Every structure is written in C-alpha cells, then in structure tokens.
Amino acid sequence: MEMFIMSLTIFVLAIFVGVEVINKVPPTLHTPLMSGTNAISGIVVVGAILSSGGSEHTTVLSTVLGVAAIILATINIVAGFMVTDRMLNMFKKK
Amino acid sequence: MEILINLGYLAAAVLFIFGIKGMTTPKTAVRGNQLSAIGMLVAVVAALLDHNVVRFEFIIIGVLVGGAIGALIAKKVAMTDMPEMVASLNGIGGGASLLVAAANYLESQKLADMGQFTASYDWSLAVILSILIGAVTLTGSFVAVGKLKGKIGDSSKVMLFKAIVKLCFLILIGGAAYFAIVDPLNSDMLVAGLIVVCLILGVSLVMPIGGADMPVVVSLLNSYSGLAGAAAGFVLGNNGLIITGSLVGASGIILTTIMCKAMNRSLTNVLFGGSMAAAAGITKSENDAFYEGKVKFSSADELAMLLDGAQKVVFVPGYGLAVAQAQHATRELANMLEAKGCDVKYAIHPVAGRMPGHMNVLLAEAEVPYDQLVEMDTINPEFSQTDVAIVLGANDVVNPAASKDPASPIFGMPILDVHNAKTVVVVKRGLSPGFAGIPNELFIRDNSLMVSGDAKKVLQETISALKDL
Chain G
1 MEMFIMSLTI FVLAIFVGVE VINKVPPTLH TPLMSGTNAI SGIVVVGAIL SSGGSEHTTV
61 LSTVLGVAAI ILATINIVAG FMVTDRMLNM FKKK
Chain B
95 MEILINLGYL AAAVLFIFGI KGMTTPKTAV RGNQLSAIGM LVAVVAALLD HNVVRFEFII
155 IGVLVGGAIG ALIAKKVAMT DMPEMVASLN GIGGGASLLV AAANYLESQK LADMGQFTAS
215 YDWSLAVILS ILIGAVTLTG SFVAVGKLKG KIGDSSKVML FKAIVKLCFL ILIGGAAYFA
275 IVDPLNSDML VAGLIVVCLI LGVSLVMPIG GADMPVVVSL LNSYSGLAGA AAGFVLGNNG
335 LIITGSLVGA SGIILTTIMC KAMNRSLTNV LFGGSMAAAA GITKSENDAF YEGKVKFSSA
395 DELAMLLDGA QKVVFVPGYG LAVAQAQHAT RELANMLEAK GCDVKYAIHP VAGRMPGHMN
455 VLLAEAEVPY DQLVEMDTIN PEFSQTDVAI VLGANDVVNP AASKDPASPI FGMPILDVHN
515 AKTVVVVKRG LSPGFAGIPN ELFIRDNSLM VSGDAKKVLQ ETISALKDL
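From first to last, the protein sequence lines stand for chains G and B.
Using the working numbering, you'd call the opening residue of the first sequence number 1 and step up by one each time.
Using the working numbering, you'd call the opening residue of the second sequence number 95 and step up by one each time.
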C-alpha cells in the first residue's frame, strides 16, 4: 500500500508539471505536440521489454503478448518522433 | 544496478519535460523533439539493463518490425491526414498498454506460484484500470479514425449505444469487484471477458459522437493513451511510466479543454449529447429555401478584379481547404498579392481543420510564415479594415448566428467576424450545411459573394485571371 501511495503522489504531481509546461505551447504547434506526445506515450515499451525479455517467470502467451506490445509501442515511438520532426521542420524554415 | 536503472527512468522523464518545454516556440521545437527522442533511448537502455531481461532475440524482432512500420507510416503520411494519423497512434498506444497489462497479469500468476508475488487490492485495481483505459483507447480511436475518414457516419442510435455503455460499466464493476476481492490470480477467463467488454465499451462510447466533434474526441483519446501508460506503470510499479504517462495525459486534457471552449460546449455535452447535426435536424428543402435567390454568385475573374484593388486581404482557411489540398494554391495567390504591396494574413479559428493546430501545419507545409497565421482574438478587430476576406471551405466558424441568434444550436461559439470585412468571398463547393447542420446567414449578406467550386481550382483560376489583368 505504501508503494501505491508513493506512485499516486508521483502521478498527481507529474500531472501538475504537465499542465504547467503544456499550457505554454502555442496553438500553432498543437498538432506536433499531439504527435510528439504520441511518441512519448510509447514509453510503455519499457513494460513490454520486461515482459518479452524475461525467462523463468514468463509463459508462452505472456511472451507473445509482450512482443506484440513491443511492436505497437515501437510503431508509436518511431512514427511519432519522425512525423513530429517532419512537421516541425516545416515551421523552422521561416 | 537497480538504482542506476531507476535513475535512467528519471533522466528520461526529465528529458521528456525539457522536450515538451522546447515546443513552446517554433524555433526550439525541433531540438525539443530530439531531446524527447534521446529520453526514450535512455529509458529503453535502462529497461534492457534490468536483471529480469535475459533474452534479447524477441525484443530485437519486435523493435525491428515496429520500427520499420513506424518509419514507413511517418514518411508516407500526407499532412492532410494528420488527424487520422494521430488518432491511430492514440489507439496503438492504448493497445500496447493493454497488452503490457495482460502479459504482466500472466507473469504475476507464475511469480505467485513460485512464491514471489502476492496480489494486493491496489495491484488488482491497477490491472483493471489499465485494461479499461487501454482497451477503450484502442477501439475508441479506431472508430474515431473511421469517422474522420467519413467511413462511419453519424449514428441515429444514440440511445442504443448509451444503453450498451451502461451495461458494459455494470459488468465491469461486478467483474472488477469479484476479481479484486475473491480471486485475483486464477481469473484468466474473467480477465479475458473484461477485456472484450472494455473493447466493446470503447466502440460504444465513440459511436454516438458526431463527426464534427472528432477534434475533441481525438484530443481526449490522446489523453487516455497517456493515462493507459500511467496505469500500466501502476501495475508494474514503474515510476518512469507513471510520470511520462501523466505528462501525456495532462497534454490531452488541456487540448480537450481548448477545443471544447472553442466550440462553446461542455465535454459532457460533446460526449453524451449526440451529434449536433442530428439535433439541429434541418432538411435539405429547408436549407434550399433559406438560400433561395439570396446568394450572389460570382466567378474567379471577378474575385481577381476585387483582389487587384485590395490593400488588405485575410484568408480564412477551413476543413474544405484541407480536403481540396488547396494550401499551395493559397500560398501562391498570397505571394502574388504581397508582391503588389497588399497586406496578407491568415485567420485561424481554434477548431479550423480537424484537430488542434491542423490548419497551421497545412499552411506551414505550403511555406506560409507562421507569423502571418493570426489567432481569432487578434484578427477579429482587424476585419473592419479588411478589403477582402476569402473564406476557403469554412462554414460554422464564420456563421454570425453564433453571436446574434440565441436560438441557434451554435449560439455562444466564438467565431471569426469575417462579416465585418468590406467584401467577403466564400469559396465553397455547394450550399450544403457545415458540421453543425444549419444554414449560414453570412452567405446571403449584402457584402458576401459566393464562388462555387473546389477551393484549389477556384484559386488557380483566380491566379491566372490576376496574371492577365
């Protein structure tokens, strides 16, 4: 339970940090912001790596699910960062 | 080693925050995005160093396959399709979190058999929450994609979907209670069943929402995709996931609020109020009668003559511009006008296009300098000194009824005051109503001219007519 309260504290505080930082992003950049956060939400790849790389505590099904999760999360990471970069470079030109 | 790994997750989270901070100006944004990418690399390396990770072959296969698909999508996608792209990525993110939660559930069973894990209430709650958010984000996003593409129309069966939503929630609450209290570790079938219920829930939540409200829905699902990651973080007890997920969650919530404000609707109204067009319920004949004989039609030649004498021109791009891919033609015409010494600006309504900031990206693609893109509150006082306002495929966001007619379904929605310009030229394919399903009084005003046709074609004809003058 202590662990849970710790995590909850971090969660709530991080939301406040997020609101503060993101409120300053101008409307011009809202689309790249969304695709950029798409990429960041690919962080769940961390959980997927822990699932598909384990040995004695995994099952066949959990490994399959883990690999599928890695594929999806990596799509998000790579597509998210690359398309955001593509868009932002259009804004940079001028 | 454990300490080093956790420091790695912290460093990644800090890099993400700096990365988003970079997004506050267009100049620093590219660098910000690179910082975020480095943060992701740090997090991945930290995960690979975990002592539980002993086999790398599956990880490598997964990363290669996902990376190749991701790179291909990012290179190929057209800027006009960004809303569909972001909606799809929301769904994929939700799906990944769902899979991680399911895989972790299976592993926890095995760890429990080995005597290394005992289920607690907060763990059970986290499992249920990550399944719920992940599954809803997955299916909800793909329904949103279908609506953005126009493949799924506005549904008239709002009540049916509401009933399904209620039923799903009832089953979910019952199932979750049994799961948490009675038997968290031997409930494979129950968990599988709850996943299916949550997948159905995602579909039923988004189906009744009108296509016009997709900017709000996509922003909200963006938030959910982050929260799904945070929930997976609670399941795994991983603070890196929790911090990062909540950053994305906050971002989506802010954008959702901005979109709702720009449409003067509450989030509850968007989510549960059904489609606006269905509510307004205007028939085609009523629509035709409204415009009958009152619209002054004009031509590209006349528009060219008007523009030839204009000192100040404001373009008002809407979704129609994106559909017609007219952003480059718009820029070309603007260049010609500027060469003649005319002042050219672009008025951007917050919900122009189909997602937050979509119009800005399209115009940036056509190399319009971003300082010429003016936000609604700044440009509105300038319309009275504007000679020609050119409305390109926008409708509801320039409807004066929003500020004058309390009976109008869009009353109170902030609009661009184009009707204050000396002449308003509306380039539109026909007189069909916009997303709100109501006729637009602007089109029958004395200072309005209508040029019917595809925005790109009309602009190209105007450009060649202007050259001949």
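For the record, the hints were derived by calculation from the structure and aren't laboratory data.
Treat the hints loosely; a few may be bogus.
[Unchecked claim] List of simulated lysine-lysine pairs, PhoX-like, C-alpha gap at most 25 Å: (1) Lys92/G to Lys439/B; (2) Lys516/B to Lys24/G; (3) Lys92/G to Lys169/B; (4) Lys92/G to Lys121/B; (5) Lys170/B to Lys24/G; (6) Lys355/B to Lys434/B; (7) Lys92/G to Lys390/B; (8) Lys406/B to Lys390/B; (9) Lys92/G to Lys115/B; (10) Lys498/B to Lys390/B; (11) Lys498/B to Lys355/B; (12) Lys24/G to Lys439/B; (13) Lys516/B to Lys561/B; (14) Lys551/B to Lys439/B; (15) Lys355/B to Lys24/G.
[Stated by the list, open to error] Which stretches of chain B does chain G cover? Using the computed rule of at least three CB atoms under 8 Å from a CB of chain G, they are: (16) 138-144; (17) 149-156; (18) 283-289; (19) 321-331; (20) 335-345; (21) 540-552.
Everything numeric in this text was worked out from a predicted model, so none of it was measured.
Positions of the beta carbon are idealized from the N, C-alpha and C atoms, including for glycine.
Hint check:
1. Using a Cα cut-off of 25 Å, the hinted pair Lys92/G and Lys439/B holds, with the two alpha carbons roughly 19 Å apart.
2. The straight-line distance between the Cα atoms of Lys516/B and Lys24/G is roughly 35 Å, outside the 25 Å bound, and the hint therefore fails.
3. Using a Cα cut-off of 25 Å, the hinted pair Lys92/G and Lys169/B holds, with the two alpha carbons roughly 18 Å apart.
4. Distance hint between Lys92/G and Lys121/B is fulfilled; the C-alpha atoms sit about 6 Å from each other, no more than 25 Å.
5. Restraint check for Lys170/B and Lys24/G: not satisfied, since their Cα atoms lie roughly 30 Å apart, outside the 25 Å limit.
6. Our distance criterion of 25 Å between C-alpha atoms is broken by Lys355/B and Lys434/B, whose separation comes to about 38 Å.
7. At most 25 Å may separate the alpha-carbon atoms for a hinted pair to count; Lys92/G and Lys390/B exceed this at roughly 41 Å.
8. Restraint check for Lys406/B and Lys390/B: satisfied, since their Cα atoms lie roughly 22 Å apart, inside the 25 Å limit.
9. Between Lys92/G and Lys115/B the CA atoms are separated by roughly 16 Å; this keeps the pair inside 25 Å, and the hint holds.
10. Our distance criterion of 25 Å between C-alpha atoms is met by Lys498/B and Lys390/B, whose separation comes to about 22 Å.
11. At most 25 Å may separate the alpha-carbon atoms for a hinted pair to count; Lys498/B and Lys355/B meet this at roughly 18 Å.
12. Pair hint Lys24/G plus Lys439/B holds up; C-alpha atoms about 24 Å apart against a cutoff of 25 Å.
13. The suggested pairing of Lys516/B with Lys561/B holds, with an alpha-carbon distance near 24 Å, which does not exceed 25 Å.
14. Taken as a hint, the Lys551/B and Lys439/B pair is honoured in the structure, with Cα atoms around 21 Å apart against an allowance of 25 Å.
15. Taken as a hint, the Lys355/B and Lys24/G pair is honoured in the structure, with Cα atoms around 17 Å apart against an allowance of 25 Å.
16. Interface restraint, the stretch 138-144 of chain B with chain G: holds (5 residues with C-beta to C-beta distance below 8 Å; minimum three).
17. With 6 residues bearing a CB less than 8 Å from a CB of chain G, the stretch 149-156 of chain B meets the requirement of three and the coverage assertion stands.
18. Counting residues of the stretch 283-289 of chain B whose beta carbon lies closer than 8 Å to any beta carbon of chain G gives 0, which falls short of the minimum of three for the stated coverage.
19. Here the stretch 321-331 of chain B counts 9 residues with a CB under 8 Å from a CB of chain G, which clears the bar of 3, and the coverage holds.
20. Given as covered by chain G, the stretch 335-345 of chain B passes the check, having 11 residues with a CB less than 8 Å from a CB of that chain where 3 are the minimum.
21. Under the rule that three or more residues need a Cβ within less than 8 Å of chain G, the assignment of the stretch 540-552 of chain B is violated, with 0 such residues.
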